[in-house]
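A.B. asks: Here is how the chains run, residue by residue.
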Amino acid sequence: MLILSPTQPPSPPPPPPDPPGDHELTRLLNEVGSGSRPVGDLIASVYDELRRIAGRQMASERADHTLEPTALVNELFLKLSVAESSFQNRAHFFGAAANAMRQILVDSARRKLADKRGGDRAREALAEDALLTNRPPEEIVVVDELMDMLERTDPRKKQILGLWYFIGLTHQSIADLLGVDVRTIGREVKFLRGFVSGHLGPDA
Amino acid sequence: MKTDRTEHPVAVGPDSASPAHVQPQHLQLLEDSFHRAVDAPPEARQAIIDALASSHPSLARMLAGMLRSDGPDPTPALRLEIEWPPIPAQVGPYRVGERLGEGGFGVVHLAEQSEPVARFVAIKFIRRTTDGERFIQRFETERRALATLNHPCIPRLLDAGTAPDGRPYLVMEHVPGLPITRHCRERALPVEPRLRLMARVCDAVAHAHGKSVLHRDLKRGNVLVAHRRGWDEPKVIDFGISKIVLGESPADPIAGAPPPADHDRSLLAGTPSTTAPEQYLGAPADHRTDIYTIGLLLYELLTDAPPFPFDSTPDAAERRRQSVLNTAPTAPSLAPSPVQWRLEANRREHAPALDEVVLRCLHIDPAQRPPSASELADTLRAFPGEDDSAESIAAAVEHGHALEYGGDYAGAEREFIELVPRAARALGADHPLTLRAESLLAVTMQEQARHQEAETRLREVLERQTASLGPEHAETLDTLGYLAVCIDESGRTAEAAPMHRAAYEGRRRALGPDHPKTLAALNNLGGSCYRLDRRDEAHDCLLMAAEAREMLLGPDHPDALLSRANVGSILVRLGRADEAQPHVRRAADGFTAVLGADHPGAIIGRANLANNLRLLGRFAEAEPIAVECVERSVQVLGPIHDTTRWAFTKLLHVLDDRAAAEPESGAADRAAAWRARAEKLGIQLTQAGTPPVKS
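These protein sequence lines are chains A and B, in that order. Residues in the first sequence are numbered consecutively from 1, following this note's numbering. Residues in the second sequence are numbered consecutively from 1, following this note's numbering.
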């Protein structure tokens, strides 16, 4: 035990507290992991956090600078995976991530489609969408619809499609996450890819 | 995974693609057709589309769209670069290398250790998965199972710990080998060596069953054959879904007991190609489930094909289930490509008996299978070998003895375990050579710290030798001496001492006072006196044995070196550590030079040296030697061995004394780390370590 003498210089000020977003996410993640909070809460927070990061990025970047979409999302997940240090939460973590990204990407895709039809939007929101992905919005919307259909008929396919399309996990990662052989995932993804493509038509 | 989605903020526009092209109930049909078309050559695809069009025209249009090579090619909208933390490149002293394999729960990598012993090991990490908590429990079960087992055909647990990222790991002996089926096929082995390999697999499984461990996943990939020192040795690996049946002896049927809570999930985690009938029916796995899977392997080794085929098609599991439950496999000798017919037309007469054994293992009713793995091993060894002449058997006994003397106890055990039934068949069960082979078989087991097994066998052989050869026969006295050592090493020195004396006096009468065996008995008698703390008597015996052995055998003979080491030990006990030093060092160096650093005798010699240096306060010299001894002993003899436990004790003595004498050396922390490791490896450290005896 160290005994402080009265002549000791004053201790340095305490470090600034963690940004509330990070702290909140970490806590949420733990609660979702332990089952005391629904996954939906996490999705909402991931969504908010992503917008917060996007806003900050755009404020600090020069106007002509295009930020790689993946880099933006990675910043968020880097934060999350640091918080997510134990093994138990992975299913929740990636499941929530896929759901959150689905929602964000689909919202953005629908805005873009509405824009094409002559919608009127704030520049800021448009730039924000451009940061997310470069896949055609039609494709994203089709995947979204197929996800709904698969949810009813084949939930596992839906899960695989989400992990593959919306957060781009590798086949091996999906196999690890679902505890199945990687070749099975390869086969599933091949079909799902064809399935999406078949729904897009030649001019998509 | 449950979706939690809010409503779309913007409604779907009329121009966006609609996914309603496929009725949900047709999804499976579409998928099957898709895979068939993709797997087919391009020119055959149109036919598949046309066939589908006749019944489901809209599905066929969809399929055509899916197969169009110039169509849109969806790729992920995002790619997360964040992955699970990769396997660390370095974990403790292990540099992690290529991936060797992946099981249900773990991923195994090759790793290289350079300090304090250079070797390749297998390091197993928990698999990256969703079900972390349960898998960590499984991992712990595997560690506990491995820490209980001690058999040459089961890889040794060398270390266990937790990586900095929180991931637990196990370090095991690396088995550079092929799956048993591939090994036999690639070498085109005849039936007999295949049966011998499987008998050895049965030995390993019987050992596990004797320790209340069920393997539960004995598929071909989990039985590797390693080629070591000129031998093919099978190793049963991956106790990842093993089960420790606490409080129950797996030799007794466990049927009727309620299934363990994790039963169903364990079944799913196992291998669908080796599921046993009772598992399909929801009964708990017991030791007879392992016997069933041994039967599957035997069948495949005799026919080059499994009795119940399993492939990667979606309904393979269900088809296998149906055939396992409803059909009996064809007798192996009638299978399309029976190995035995092709290779050994002259041994056809044994085929019906062999068929019967294999089909009995595969019986749908566990009660009809061979009752134990050891009985199955005996049955497999009862099939005649190639050369059963007395000369070849005598040569094999000598070869086994030479292996044993050279410290290759596992190799010697393998030699003898095959030899005993061969000798019994060819020469008779009570022939001196048969009895000698049995006696030496027990010695190899004792040298691998399987004292109980060894003692039972030795007592039985001693009785038969006494009856057929007489109590004063040299070979009877050999067995008596082995039994004395075995009992002594089991920690019952007081019981062993009179037997040592009887062996010594008997040999003196039968062989003369200067015979090497008489001197070995004298040395062992001195060792027992040492352990009983009859110091003067010990000093006299050990010194007399040492002087005579040096004179008769030469100073560099291992037995002479051992005696010299023992003289060192008694001098230490008499408080004359400085006087002991040259003896101890000479013995340690001599052993290492003559026998090689890995020989158990050399390890004991160096650990003695470390202990001696400790007594002299030369901790900095003692510590690395003691560490090296522990590592080697864990590797060569396994964690469950007296020598290993003793080397651990000596190392901790060194570290504890050093921590007290040199607090700044960090020895206290290192001692704590070694104690933790000992616990993980299942080593129960005793207060006072006594050096193991060696005849």
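Worth flagging that the hints you see were computed from the coordinates, not collected in a lab. Values in this document were obtained by computation on a predicted structure and should not be read as measured data. Just so you know, not all the hints are guaranteed correct.
Stated by the list, open to error - Derived SDA-like pairs (lysine to any residue); straight-line CA-CA distance at most 20 Å:
hint	chain 1	residue 1	chain 2	residue 2
1	A	Lys190	B	Arg61
2	A	Lys116	B	His653
3	A	Lys116	B	Arg36
4	A	Lys190	B	Asp70
5	A	Lys190	B	Val38
6	A	Lys190	B	Pro42
7	B	Lys219	A	Lys190
8	A	Lys190	B	Leu27
9	A	Lys190	B	Ser69
10	B	Lys219	A	Val180
A.B. asks: Hints first: check each against the structure and report whether it holds.
C.D. replies: Status of each hint after checking the structure:
no., hint, in the structure
1, A:Lys190 - B:Arg61, "holds, 18 Å"
2, A:Lys116 - B:His653, "violated, 80 Å"
3, A:Lys116 - B:Arg36, "violated, 39 Å"
4, A:Lys190 - B:Asp70, "holds, 16 Å"
5, A:Lys190 - B:Val38, "holds, 9 Å"
6, A:Lys190 - B:Pro42, "holds, 16 Å"
7, B:Lys219 - A:Lys190, "violated, 30 Å"
8, A:Lys190 - B:Leu27, "holds, 14 Å"
9, A:Lys190 - B:Ser69, "holds, 13 Å"
10, B:Lys219 - A:Val180, "holds, 18 Å"
The earlier numbered hints that this structure contradicts are 2, 3, 7.
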